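Listed in order, the protein sequences are those of chains A and B.
Counting with the numbering used here, you get residues 1 to 109 for the letters of the first sequence.
Counting with the numbering used here, you get residues 110 to 220 for the letters of the second sequence.
The hints are simulated quantities; they were obtained by calculation from the structure and are not laboratory data.
Just so it is clear, the structure is predicted and the values come from calculations on it, not from any experiment.
It cannot be assumed that every hint is accurate.
Residues of chain B clear of chain A, computed beta-carbon distances all greater than 10 Å [what the hints assert, rightly or not]:
1) Q153
2) G167
3) R172
4) L176
5) E184
6) V206
Chain B regions said to be covered by chain A (calculated; three or more residues, Cβ under 8 Å) [what the hints assert, rightly or not]:
7) 117 to 125
8) 131 to 139
With beta-carbon atoms standing in for the labels, derived distance ranges [to be verified]:
9) B:R160 / A:P50: 43 to 51 Å
10) B:N186 / A:N30: 24 to 32 Å
11) B:P170 / A:Q55: 21 to 29 Å
12) B:R172 / A:A17: 31 to 39 Å
13) B:L148 / A:S26: 23 to 31 Å
14) A:I2 / B:R160: 31 to 39 Å
15) A:G16 / B:K122: 39 to 47 Å
16) B:P171 / A:Q55: 42 to 50 Å
17) A:K108 / B:Q127: 21 to 29 Å
18) B:D193 / A:Y69: 25 to 33 Å
19) A:V64 / B:K122: 43 to 51 Å
A virtual CB, placed ideally from N, CA and C, is assigned to each residue, including glycine.
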Amino acid sequence: GIQVEQSPPDLILQEGANSTLRCNFSDSVNNLQWFHQNPWGQLINLFYIPSGTKQNGRLSATTVATERYSLLYISSSQTTDSGVYFCAVEEGAGNMLTFGGGTRLMVKP
Amino acid sequence: ETGVTQSPTHLIKTRGQQVTLRCSSQSGHNTVSWYQQALGQGPQFIFQYYREEENGRGNFPPRFSGLQFPNYSSELNVNALELDDSALYLCASSRGVETQYFGPGTRLLVL
């Protein structure tokens, strides 16, 4: 099956700093999503981004499908950005998701 | 519009027991997917139901089974619980193959 790798696995930032999270995938995909998992376990949809660039406030994402990677940018980080960020891909028929291992982000005040 | 809900929020069972987890899909959604998330890992796909039929299955043994009801709510059943079944179980609903939206999860501990 498809492999999804995220880097870095852990990231510690000072409040106000910017960061880039990366997601590499091993085969062609129909779609890619970015999620934020809060400390209580809730997965929150950030972006549905099979290709191109999208922005939502301080967050933006870019997927380059031909090169099989996606980037999530967090600008002016806040303590509430802490948690685990996952990318997940859909391949083949249906919309079953294959997740990466996540990037654990801690933003310090 | 109500979001995806799951019950119970937490559950403790002993090895060998059986457990049933429940999920109510978001209004207007006809597809439910279940995922298992072990501590420190990303969620893994268990299976998906579309209009009451299993529509895909991940690499999980047959003791993991499910149901979807006419109102599109769903159950995940796990028989003969093992210690490694301890995890966060996440349910997601969608309208067909559109974006999936996740519930808050059920934390299962098997002793």
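**Report entry** In rising order, the numbers of the hints this structure does not comply with
**Finding:** 1, 2, 6, 7, 8, 9, 11, 12, 14, 17
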